[in-house]
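The task is to assemble the complex, starting from two chains supplied on their own in separate frames and drawing on the hints.
Residue numbers (our numbering), protein chains in the order written: chain U, 1 to 1057; chain F, 1 to 535.
Simulated from the structure, these hints should not be mistaken for laboratory data. There may be inaccurate statements among the hints.
Capping the alpha-carbon separation at 25 Å, the derived lysine-lysine pairs in PhoX-like fashion look like this [claimed, not checked]:
hint, chain 1, residue 1, chain 2, residue 2
1, F, K109, U, K779
2, U, K597, U, K645
3, F, K339, U, K788
4, U, K647, F, K344
5, F, K307, U, K201
6, F, K53, U, K645
7, U, K779, F, K53
8, F, K53, U, K788
9, F, K336, U, K798
10, U, K788, F, K294
11, U, K980, U, K1050
12, U, K559, U, K600
Since this is a predicted model, take the numbers as computed values, not measurements.
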Amino acid sequence: MIDHIIHWSLKNKLLVIGASALLAILGILALSESPVDALPDLSENQVIVFADWMGRSPLEVEQQITSRLSLNLQGIEGVKTVRGSSMFGFSLITVVFKDDVAGNTARQRVLERLSLLQDILPEGVKARMGPNASGIGWVYQYYLKIDTAKLLPGSSVDLGQLRSLQDHFIRYQLSSVPDVAEVASLGGFVTQYQIEVDSHKMKALGISLDAIFNAVESSNLNVGGKGIEENGMEFIIRGLGLLRNTQDIEKIVLEEREESAICLKDVARVQLGGDFRRGILDVDGSEAVGGIVIMRSGANARTVIDRVKEKITQINPALLPGVRIEAFYDRSELINQTIGTLKNALLEEIFLVILVHILFLFHFRSILIVVLPLPVSVLISFLVMRLFGISSNIMSLSGIAIAVGVLVDAAIVLSENVIRSCEEAEREKGGRLNAKETLHIVETASRQVGRPIFFAMAIIILAFIPVFALTGQEGRLFHPLAFTKTFAMVSSTALALTIVPVLCTWLVRGPFRTENQNPMMRFLLRMYDPLLDIALRRPLIAISAACVIFGTALALIPKMGSEFMPPLEEGGLLLMPTFVPAVAPSEVQRVMAWQDKVLKTFPEVVSAAGKLGRSDTATDPAPTEMIETTIQLKPPQDWRPGMTKDKLVTEMMAALNAVPGSIPGFLQPIQARVLMTSTGIRSQLGIKILGNNLDSLQQAALDVQNIVQSVRGAVGVTASRNQGKPYLEIQVNRDALRLYGMRAKDVLDTVEAGLGGRNITSTSEGRNTYPIQVRLQRKDREDFARLKDIPIRSPSGKIIPLGSLAQIQRHEGPNEIASQNGQMSSYVQANVQGRDLGSFVEEIKTRLQKEIAPQLARQGMTLEYAGEYENQQHAAQTLSWVLPSVLLIIFLLLCALYRNAREAAHVLLAIPFALSGGLFLQYALGWHFSVAVWVGYIALFGTAIQTAIIMVVYLEEAVKKKQKLCGEAFGYEDLLAAVKEGARQRLRPKIMTVAAIVFSLLPIMWSRSAGADVMQPIATPVLGGMLTSLIHILLLTPVIFLWMKARNLKKFSQVKA
Amino acid sequence: MKGFAPIIFLTGLLLSGSGSASAEETAQAAASQSEKRILYYQSPMHPWVKSDKPGQCTVCGMDLAPVYESSASGVSSGAGSVMLPSESRSASGIKVMDVTKRQLTRTLKVHGRIGEDENRRSTISSPVAGRIEALGMMSCEGDRITQRQPLFTINSPVLLEAANEYNLALAKGGEPLEKAKNKLEHYGLIPEIVAGIPSRQKDDARFPIVASSSGTITKTYTARGRYVTEGEKLFDLVDLTRVWFTFFISEQDLPLVSQKQIVTIETESLPGEAFKARISFINPLLDEMTRLVKVRVLLENPDLRLKNNIYATGLVELDAPEVLAVPRSAVLDSGKGAKVFVEKEPGVFELRKVQLGLCGDEDWEVLGGLSENEKVVTAGNMLLDSQAQLTAMASTTPGGGISEPIGNREQCIKYLEAVGVLVSALANDDLSAANAALAAMPAVLDELTISSPARLPANDLETLRKAFLPWSESIAEWALARKKNLPGLKVFSCSMTKDLWSGAPAQAKWIQWSETPQNPYWGKNMSACGAEVDP
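If we strip away everything but chain F, and leave its shape as in the complex, we get (with noise of 0.2 Å):
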């Protein structure tokens, strides 16, 4: 062997020079060092991709990303839920509420002018005929002025003849004067004026006359120098001390809103201020070319700082039924019907689909699906979603060599039990044995939806494995895409099977609970030929 000595040598350069086997132990380490068990491997853009063993996603040809049992992200097998550890919570940014009874606030937003109140109009007319003299400083629109301000001068010969009678009937005294009074009175004079006349020079036709009311002009109608008649209108007023909030509603809001609901309002003008009064009263009418319905609050406005014709937001204050609510936040809806994550015990959080009454601002009205004093997710529960999506998907994607989960684990361990039983009957050419263990056979379970063949019971072993080979193999294919989930089966196949009968495949697979093979198709032929199948 001493010419191999070069090789050798060369071959131990090659080996201590490159280490590219290190690679994959590197891998093998890695994988030791964290003891999570890998659940499966699933393709990170295509997540219905998923497989048992690390390769390649079929779509995209990206790595399979290994998903692990009760990692941080780490999925429990039932489905729609998400399990998190303590200290991912905050990263993920969830949050948790209770759900409880409480007031369903509501507001409807309203926009609106602020207006003059129409109850407090008035008007001031000219009570006698004459000329405007001069105007009284406060006589413009916009001015304020106050009951018995004087307002103006007019020079009216009506008044001055009604001054000469009053000045005689001051002699006379009794029921002229008291008329003669009276008609200057009416004439607009207040009565100290009117004291004042026996001592005004007798051909001055000027009075002053004073408001009649107070209020703020809106409009005036004269000027210095104009000649009125009597009743003229010279002024419009109104008090501002009270206003209305007036704002339309359409039809659709109408049964929200009802009298003496509150209504906060705010205005630009005076920004961070809110007035609250009561809604008093609603249009009967709609009107017609805006299909809206008017709607008054009563205001009061003492020092005025709220000015006719601003606009203001109002929120009405719907009526606030105490119900069981959820935040708005917690509620994901794609179309596909509302659902919220349920924290079950901490850091376990639960897919559930729940049913939904009133829209608050900031709760929902829950009808069915919570109950009071769950914790419900209100923040980072998109992300809960998409993680429960992500699983969903790699555990609705049937075959594929995934592992997959059982949901009745119970049953479905008996029946295949049961089949292993038949299987070794079948290893033995033990024909009753394989009939009474088909007899004794658990009913077929949903979960597997593998039917029973329709021959069996038969009355001889071929006859039998017929029909048990399409069956086994279904069976076969189940329980291989969940072995993970079941310790101790073995899944083994034969290559041997073409020659039992004409037709028959090149392969079968069968399970069984054993150690050993234990050939269903060949008996005691060949009992021990068949390998064990990897999933």
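Chain U on its own, in the form it takes in the complex (with noise of 0.2 Å):
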């Protein structure tokens, strides 16, 4: 089948350079169109649901919003989990579908679904479906910068009017840039006309509430009188009755009275002032207004990214005078500099491979065949890439660059061998070969290796499987890269077979100079043949030298810590200090406004941009005692010398500590993101408490934790705490209602308008509108001693003060409620150490269902479990089938390839003499065992069984030679002969091999910038394996194989005896 392959290629060159080169070209175009971002979306596959609801607690969020849509949008067709969030104001709904529907399948149902809830939700509540897009595409984040210097003399800009530039014209700008999902308004405020109503004049005045609102509603409208005609003219008749300003508002009719009509003037001030706020930017120490670019899931983030810039560009100079809008986080500069990286490490990789070629071949036409095919294989993945839509990324591009030292192998192989037998050709013919002949040459060399080549390639392929047997999180990591690995070792693999036989053909020409020739293989053969004399005299000290080496790198294991996953570098910082529920976002503004300043004075800062609280989208569900500063760092070579990233956020971390009430924590912007956006449970273990009383909730939370805590091997336990919040709670008071005959509306009405204000409409002004909001005048409103002797009118006229009629309390209560499934939910979270974790959930399982389950049951919560464990266990139970199965395969794929079993089985050897050489690279460079480290592992494996291939197959035939030749004398010594000789004369495409992968991971070790630290620890156990890997095949292997040999020598020579 191979053979049949290389030979049709052979016979079809054009075709297959036609082919080749089209492929190329595609490659190339799919290049340009990828997706380009730094890192893959981690998100789960979910749709967001939510729905605002001003000024209500989360308790109200939760019992008229959220579980009600929750419970409706379980059902929906695909539907995981849906996951609930009430915070003050505003619902949020994680509708989480399985991984296999597609997302717009999945909004579509969602969207469907929605258009029927709409009655379940409370009057003037909408549920709407979140961007398509999620927090990790924050790609651009701006605020508007005002250049006190540019402003027209006099003038001054507040936050009002640069929020309502935002809102009204840079928003709409930016959206419609192509993949923009969303830009999101943040900070300053939305300006308003307040109608701040003094209580005291309308109890003076005999004025309700009500009547405000009527009055203001029926005050505002335009309306429309058809047509009249005039003398054979026709005119449109307009009714104009909108109001304008603040004049016009004052000027409000409330009722008539005999001398003249009392106005809203009499009662109440107008003025223009902010609405309330949940969110607020702050920018190197003052209050700002700004901007998030959201983009949509799946677009290509550098495009956007470019195309919002120039969208700024233009429209920066249509700002009012001496605004323009600043980035304070921009993400094109990470992934140019990552996607940079990448593609300096590609370029210098496929260098360094040049030059293995160069130093070891001294051929140098033959640079070309390898070096052709390997940039074609590596376009031919970016266009699989394209098919599959994967998007190009530090983990797609990874998957690539650590390939490409095993690209090349399978070129290096089969043209050493066309070399060698070329060579060999030459010198038995003693002049040139023709052209005929090489071909002849060709074909038969490479149908020599074509079958190793392919073996050992699909081995490479098929040891990386368990990759794609990673689930979760790691599996949305690193499936890109498994992808695009596969697909480039299966592009190369099929030019190996097809396009380097017919370049050889071209291009291998004499003259050729012998392995003694070349000085780097004299050196090394020098260095070789006394090691391997001694490896095969005394293959016990070889042996026992292995497993002490073995042994040792196993001994490493336990000092080697573990992570999940090493962040990429994002050159930027993100600090996220947050403060108790209880703190206001003023208190917590002002220590922003304080740490922004501070943070400034850094001289590696370039600036600070705090965010408190949440941005208008559903992508951040923020609560206002959070901060989230980013901070934009100058480029490390403009940083005060000797400074690290590490010392400076520790410099940072103790400048902020100066001021008490938060833990300040620093992530990186699109970690955090990461952070935000994912909602479930992150521990090995979660339990889920799910009930409908939250205090019970608690209580059952710190009961489990308790119970949890006692089982062996649990660390880490911890009950979610829900509760915090301050709450002024107004406790209608139903006898006082009935004394004076009043219902709770007429009470509440105040709470609601009086207190929180209400929008009783909205003027239009060209493009903005303003809401007219009515509410009680601050002195009336803010000291909480003077709430009671707020005055309520009784629809009969009696004037009553609400202390009368209703408790005014405080009261702690939840700052945020999660709820699951409809359900309101409390968790605890566990990790184990020292045991198994299967065992471990199984007592906690039993433990919990004999000592607290009846209890909770009769209390009518129940018990779920989550977390972790599920996903490793999934993982486990998958990798328990698809190792050996992968291992079976391998096996059964060299047992195909040699036709005998104990030798694939000794090749399987190559896999643990690799690990060691990894174990200790790892251990030297202090990597933590994480899922990276580990897939560089698999891939080193892989690698390592590939190199072994190839040394069985030419210590093979080597023996097969020595056999032909001396036929049935052939006995020990013979074997011994031909062992070394096949040993010795192989040495160059071994070393050439190994020598491939492992310069080609070195562009990857020595680089500084960013994404290197996330390829470093896949390139690790490579590179150190890779090492050792060659001690094995070059020593070990020829030993065992003699070993073997001999074994079948002595059985054959006992048979005949």
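Dropping the structure here:
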């Protein structure tokens, strides 16, 4: 089959070349089109549904919106789980779909269901679907910078103006950029007309709040009077009565009295002011207005940012004079840097691979044989990536980067064999070969190694299959890498069997130099010979030395830590301190401004932009007690000498410690967004308690925590906490209401509209619309002690203070309510240490079932188990059949290759030896065990087997040759000589392949720029492992091979005897 | 070893080329640079998650942030107190104030109207029947007239007749003259006019009438040419040199307000000007319709700057008892009771629960929890509270490898030392010493909440060890969580305990105070079997 392919390719050279060129061109096109981002989107397959209900407490939002929506959204086809979160005035529901449901289908289904759900929500509340984006799509964030020098003389710009500029102009302009899902406004004030009524004047004049609402509402309208004709001319009639300014509003008539009517200004003050806000932006210590450009999921981040920036240059001059848009977060730099790093690494890799070739082969033309297919296979994998919709990001490009060394292996082995054969043929012939002879030799030589190459590559590809078995976030992170590596491997294998022989026929021309003429090879052979001699003469020493090395390596394992994933160095910082929920936004803002000012004094900092609370997007569920400060850093070369990021963070932390009340947590921008997006349980075991009473849920969580705590192996056991937000509860007194003949609404309207304010209508001034809000004046509502004095007018005209109608009391309640599938939930999280996860979970399940579940069930609570352990168990389950089957397939492939099970088995011995080198290097470089490192090991195993295969093929070949030569007289010494000969002669391709892999990984290892830190842990095991596996295949494989053959020989001779 | 040369060469190249190890080194360097000791690591978003080692939050996966001992926001081990260095005071906006005895000013804000003094109303009626011939210049609503100011001219035959009578009587003199003069004066003529009557034209029936009282005309009932009867009302007058400020208070405020209390009155028409006067009257009747009580203040208004019917606000100064008080801004109350922060010594703030009494405008009466001259924090206290809550959250979470504070240190260590004696007795297979150690064991502390095994003391070593194991396990767990606060204490574990007896766990822990392991389970058989447990 493989022989046929080689044969066919050599017959249709032009077709092969043409097809490859076509694929390469398509690859280039795909490369330019494929979406580029820094990291793959790690968010779950989810659709966000949200609803605003201004001013309502989390409890109301939970009862009347979140739970109702959650219950109804559950039934949608393909939904895995519905997670709800009820915040102050905001309900956020994350509908998590199974991974196999396409994003658009999921959105379509949610939309269909939502259209039916409008009736179940309270009046005025609209459930909406979040943008087709996640927090990870926050690619560009900006603020409006005021340049006081450029302001018009005598004018000033306030936050309200800036916000309306942002809301009514910039937002729409930037939203129009293709693939921008949403532009969220942040900070400043939403301007509104505020009618601040004086309750005492109202009392004195006998005016009720309702009267004011009605009056305002019916004073703001434009009407049309159809048309009228005059002398054959038609006129359109407009009736104009829209409110346009504060004076208009002041003149609104409330009630007609004898002398003159009472106007609004008699009882209220009308002013332009800022709306109640749950998000504040601060840049370098002063308040600012800004926006967040959110990219559609799956779009090309780099292009989107470029287009946004282009748009910004267009609209910048059209803003107010002295105001311009300034970025405080721009992901394009990171993208360009990481992609640049990878590109550089790829180029350096290719360069080094060429260098290896030059050093070892000393045949310049043949370099092209290896070098030409390499970019073609990379380009083909880009093409396939495009077809599969995989974006270019650090992970997918890493896949290619770590594969480069292996990609050329096949070509190296094949071309080396061709060159050697040609060299021998030439020596035999004693002159230059003609084209026909070359063609023949190429075909024979290609066929000779074609099968092993194919099998070796197949094994590398197969060995990587376990990476596809990763699920959850690891899966989302590493699947692109696995895909691209596999694509590249497949295409390079295909190319090695098609285009490489073709190129050989053209490029392999004499004169050839033998290995002995190559100084590099001479040097290596001189060193190799004595070592091989020792190993072959003293096999026990060699094998026990190997065992010792392997043992030492294994002993290192417990000394290394483990982590989920070394974070990508993003070149920026995100400070995320959180206060307790009770702290008021104004106080948090004060601290935030101070922090930003302090951060700005660091010479490494470009800007510090703090965000408190939420921006206007469903992708931002941050509470007001949490600050997220995006710190833009200068490029490291501009830092103070000797400054590192860790030092910088330590210094910043020390500086920020001066203000108490929060714990400064430093993250990186994308990392933080990933964190905010994933709402699931992160620990190994999560015990969810579902129920309908928050207090008992909290108690249950603490009880469960105590039980879990006592289970052996439990570490980091934590129960969720949901209380801590102060509430002022105004509870109507029914008896008092009866006494005065009032209904609850008469009182609570004052609470809602009087204290909170109610938007009655809105003005429309050009494109801008400003809401008109009625609210009690500040001094009436802001003094806790005087709230009870607020007069309330009963329908019959009685005036009763609030304190006589309701109890006002402080109370501590939930800050945010989490729910799952419509039921409120609390949870206990735990990790396990020093014990098997499965038995740990089982023990906890049994104990909880026995000790607490019945009691909880009586209170209507149920327990559910979730967490990483599901994933881990699932992964373990998958791996438990994937790994053996992969090994089995590899083994079968090897058997098929060697037609001998024992030989196949001994090739697998390359794995432990490669492992030890990986461990040594990992230990030396200080990497913890992480998924990335494991992926590196998985990649290593395939490669190690591959090199071993080639070695065995050569040894086998040498032995066969010798056997043929000696015939019956073939004895142990002959065998030894043959093995030695085989090992010696084929030193070049083996060192070349290993050197290609090693050198191809070096650029990754020495790169210091963004992105390298993610690839290094993957590359480390491969690099270390290749070095030791080189020793293994050069010294140990011959030893074992010899031993096996000797046994055969013995048996054979015994049988003969 | 020549063959390894290329490999060594490659490895060297690799190590010199890359420096991934540097991340860790710098982290260590940074850690050693800051001399402050790290107490524990806490999750920035979920402060109740904390650990002894750096790591990630179990809830959100964020890196745990170090909490330093006596750092800027360092928190001392005592619950509910926060320490701040002096330089961070201004950054945190902390302000303090003494708790003092002071007058608790409380004011009641009221809204009302300036109105006429109803005692100063008057009416001008026509003294005589006749026709109004002419009205004087000042005879319209709002005109201010003074007594004896000409008000109008009346054409009155009655008056003419009386004048004629006067003329006749003038000649006669005596009593009739007096009578006639009185009659004219009764009809509203002032003596000056009466005196001029003889010089008048005899048939002229028009007589000027002057104002009988001064005041401001609030209503005019007449017009020129109108025929009026005697006694008919012509003008309503009111004297506005003294006005009433009338306001309403609700039932609940009634007990606060009493006569003679001073009210400071401000009006929008005279901004910046305040009028002070006393409450003169509180209506004993409550208005059924509005449920309000009317209260009145007398205000002198000599130059009439306070206009009738204007709105005014008043601040009633309520009785101000002298009490121990703190500024209201010092009090934090989220519904779990009021608390304040007290600066115990410079930079050390202590959370204190307080009992509060009356609430004044600026201050709050303190009934308990504070004493005079203590310093309370009046600004930035919420930040301190947040810090205290964060610390509290970290210290109330049990387990999780946390270094927790120890309250009663001395007693705890005594107890743990006694346990150590028991351990070494068991390690030496010395039953009597073990039982003696048990007998000498101090009482169990509340803090430890670990009950001694019930089956102790025992008659043979195995029973003793069986009972000892779970107990030792829990003591070891407790100690592990507080290991940083227990210098010298070691926690060891043996992973070969499975074969001790049937059903024995595979691993067991114990505490001891010496360096070399003293295995209390295996005793002399394998006394040295054990490895120190790292918390």
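*Index of numbered hints that the structure contradicts, given in increasing order*: 4, 7, 8, 9, 12
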